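With the hints as constraints, model all of the structure from the sequences given.
In terms of mature numbering (1 follows the signal peptide of the UniProt record, and there is no 0), the sequence shown is residues -29 to -1, 1 to 502.
No lab work stands behind these hints, which were simulated from the structure alone. Computed from a predicted structure; not experimentally measured. There could be a bad hint or two in this list.
Claimed, not checked - Dumping the calculated DSSO-like pairs for lysine-lysine here, alpha-carbon to alpha-carbon at most 30 Å:
#1 68 to 126
#2 16 to 210
#3 334 to 453
#4 341 to 372
#5 210 to 267
Claimed, not checked - Cβ-Cβ distance ranges computed for the label pairs, FRET-style:
#6 126 to 187: 42 to 52 Å
#7 17 to 134: 44 to 54 Å
#8 184 to 352: 38 to 48 Å
#9 225 to 122: 45 to 55 Å
#10 451 to 120: 14 to 24 Å
#11 344 to 398: 21 to 31 Å
#12 71 to 137: 16 to 26 Å
All C-beta atoms in this analysis are idealised placements derived from N, C-alpha and C, irrespective of residue type, glycine included.
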Amino acid sequence: MIKKPVGILLTLVLSVTLSLLGCSSSSPSANHSSQTNEQAEVVPKDKNELRVALSVSPPSIDLVKTSTTVALQVGWHIFEPLVTLDKDYKPTPMLAKSFEVSEDGKEVTFTLREGITFHNGKTLGVEDVIASLNRWKELSPNGKTALVGATISSKENDKVVITLEKPSGTLLTSLAFPQQGAVIMPKEVIDAATEEGVKEYIGTGPFKFVEWKQDQYILLEKFADYKALSEPANGLGGKKEAKVDRIYFHTVPDAATRVAGLQSGEYDFADELPYDNYEQLKADPNLVTVVAKPQKYVGLIFNKKQGLFSSAVARQAVNAALDQEVIMIGITGNPDFFRLDHSLMFAEQPWHSDAGKEKYNQKNPELAKKLLNEAGYKGEPVTIITTKDYDYIYKSSLMVKDHLEKIGVKVNFELYDWPTMVSKRSDETKWNIFFTGFPTYTNPVQTLYLDSRNKWPGWYNNPEMDALLDELRHTIKFEDQKAIFDKIQTLYWEDLPSVKLGDLHGLAAHRNYVKGYQYFMDSPFWNVSVQ
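Below, the structure written as C-alpha cells:
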C-alpha cells in the first residue's frame, strides 16, 4: 500500500534518479519528443514478416541450458513441451495427448499425440521424449529437483512413464514451466550435444530456426508441417498458428533506437521500453502500448559464498536500509508500473502469502547501521555489477547504491553489457550484489536461488530451506503445500538469500497493424498477424 503522497514522492525520487544518472545522459523521451500523433501512418514493410526489437541477444536458445528470459522469447516458438500452461497457470496438454497421475502420486503416464513432426522431418517418438526428459533432469535446475531419483521409460509405442521415488504435487507444473523448460528435441540432436549445448535448434513448434547473425538478428520461419491443436488458444496452450512466414528478432540494445524504430515502422514490436516514454508511445495513433502485468519481480541477489554477505546479519542490514517505494518509483517513475508486495508468488496466484510481510520495506537506516556494525563491516568496498541493457536493472542498481552509501557502505559500481554481466555473476570472486528479474513461477520450488542444489549465482545453502522445498514438492494437497510455502517465505525474509524489491510491470508496444498479440508470461508471436 502506497502511503506517501505520490506526486511529492515522484518529484523527490526523480530528482535523485536524475542526479544519479547524470545530466549528460540522453533519454529516449528527450531524443525523440518531436515524434507525436501527427506522424503519418506507416504500413507494414511486408505482411508476411514480423520484426521484433529485443534489448539483448540471448547467450543461447538451448532452453535447457540457459535461464535467460530473452532465450525463452525466441526459443518457445521453436520448441514445445509435453504439457504447457493455460491462462490460469494450470498444466494442459501440448505434445502429450493426455496424461494420467497414479493415486499415490508416484507415476505419471503421458500418451503422445500422433503425427507430430520435428523441423528436420523426423516423426516424434517415445525415444525423443525420454532423451529430452533425461537431459532436462541432468541440466536444468528445475528438472534436477523435479525428477530427482526418477526413472523415465516407455510403454507401448506412444506412452512415456515417469516413475518417482516419492509422491510429487508439483511435477506437472514444473514440466509446464517454460523457463529452462522440459522441451522436446530429437534424440540424435541430444546425443550430439556438447557441454556448450545442442549443435542444432530443432523442435516441433510453429516456427523453425533458420539463421543467427550474432548481435544482429535471429531469423525464424514458419514450419509448414506444424500440427496445431484444435482447441482454442488458452494461455500457452490450445491452438498455435504461424500467421507470418518469418520472424526477425533484432538485437537493439539502445532503448532510444528501439523507440525510434518502433515509431518509424522499422520494427513492428519492441519490448523493455523505457517508462519515461509511456505517454509518448500511448499518444502515437500508429502504436498499441502493452502493460505486461505482472511481468516479473525485481530481486537484489547477494553473493552468499564469500565476502560480507556470507553473513545473514549483513544481508539483514541491507534489507533494513531499503525504502522499496522510493526504489520502485526510481525504477519506473510511474506508480502504474509497479506494486509493493513482499510475496515471492504474485497476488494473482493462489500461492500468494502474507508470511514475512513485516520485514519488507523497513526503511530503517539506523537499524541498518547497527546490524552492519554487528556483521563486522570495516569499510571494505561492496561490488555491485550491473548493466544498462535492461533499464530496470540499471536503475535498481543506482537506487540501492544510494541507499547503501547513506548507511556508510563503500560501493564499487561496475557496468557491463548483459552477456558479460551474466558471465561475471557466475564467478564468486567478482561481485557482492547483482540485480535481476524473476518470472511468474508456477510453483515455489521453481525459484532458482532458494534451492542449494541448483548452484545458482548467489550460492544460497540452507539445509532447512532445502528440506522445506522437498517437503512441499512431495506434498499432494494444495492446502498443505500452501502451509509449507508460508514457512518457506518466513525463512526467506529471515535469512534473505535475496531481497525482493517489488513487482514490476513491463512496457512493450507494437504497430497497430499487428493483430492477435496477447501477453502471457512473456511475448508469444504465434497467432499474431501483420495486416
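Q: Could you say whether the range 14 to 24 Å given as a hint is met by the Cβ separation of residue 451 and residue 120?
A: holds, 21 Å
Q) Honestly, do residue 71 and residue 137 meet the 16 to 26 Å range at C-beta? A) holds, 18 Å
Q) residue 225 and residue 122, beta-carbon distance inside 45 to 55 Å? A) Because 50 Å falls inside the window, the suggested range holds.
Q. Using the C-beta atoms of residue 344 and residue 398, is the stated range 21 to 31 Å upheld?
A. Since the Cβ atoms of residue 344 and residue 398 sit about 29 Å apart, the hinted range of 21 to 31 Å holds.
Q) Between residue 334 and residue 453, is the straight-line Cα distance small enough, at 30 Å or below? A) holds, 29 Å
Q. Between residue 126 and residue 187, does the beta-carbon spacing fit 42 to 52 Å?
A. Taking Cβ atoms as reference, residue 126 and residue 187 lie about 46 Å apart, which means the hint holds.
Q) Quick one, are residue 68 and residue 126 close enough, alpha carbons at most 30 Å? A) holds, 15 Å
Q: For the pair we were handed, residue 210 and residue 267, check the Cα-Cα distance against 30 Å.
A: Satisfied, since the Cα-Cα distance of roughly 26 Å is no more than 30 Å.
Q. Do the beta carbons of residue 17 and residue 134 sit within 44 to 54 Å of each other?
A. At 50 Å between Cβs, range holds.
**Q.** Given hint residue 372 paired with residue 341 - CA-CA distance at most 30 Å
**A.** Holds - the C-alpha atoms of residue 372 and residue 341 are around 18 Å apart, at most 30 Å.
Q. Does 38 to 48 Å hold as the CB distance between residue 184 and residue 352, or does it fail?
A. Holds - the Cβ-Cβ distance for residue 184 and residue 352, about 39 Å, lies within 38 to 48 Å.
Q. Is the Cα-Cα distance between residue 16 and residue 210 30 Å or less?
A. Distance of about 27 Å is within 30 Å: holds.
Comparing the model with each earlier hint shows no violations; every hint is respected.
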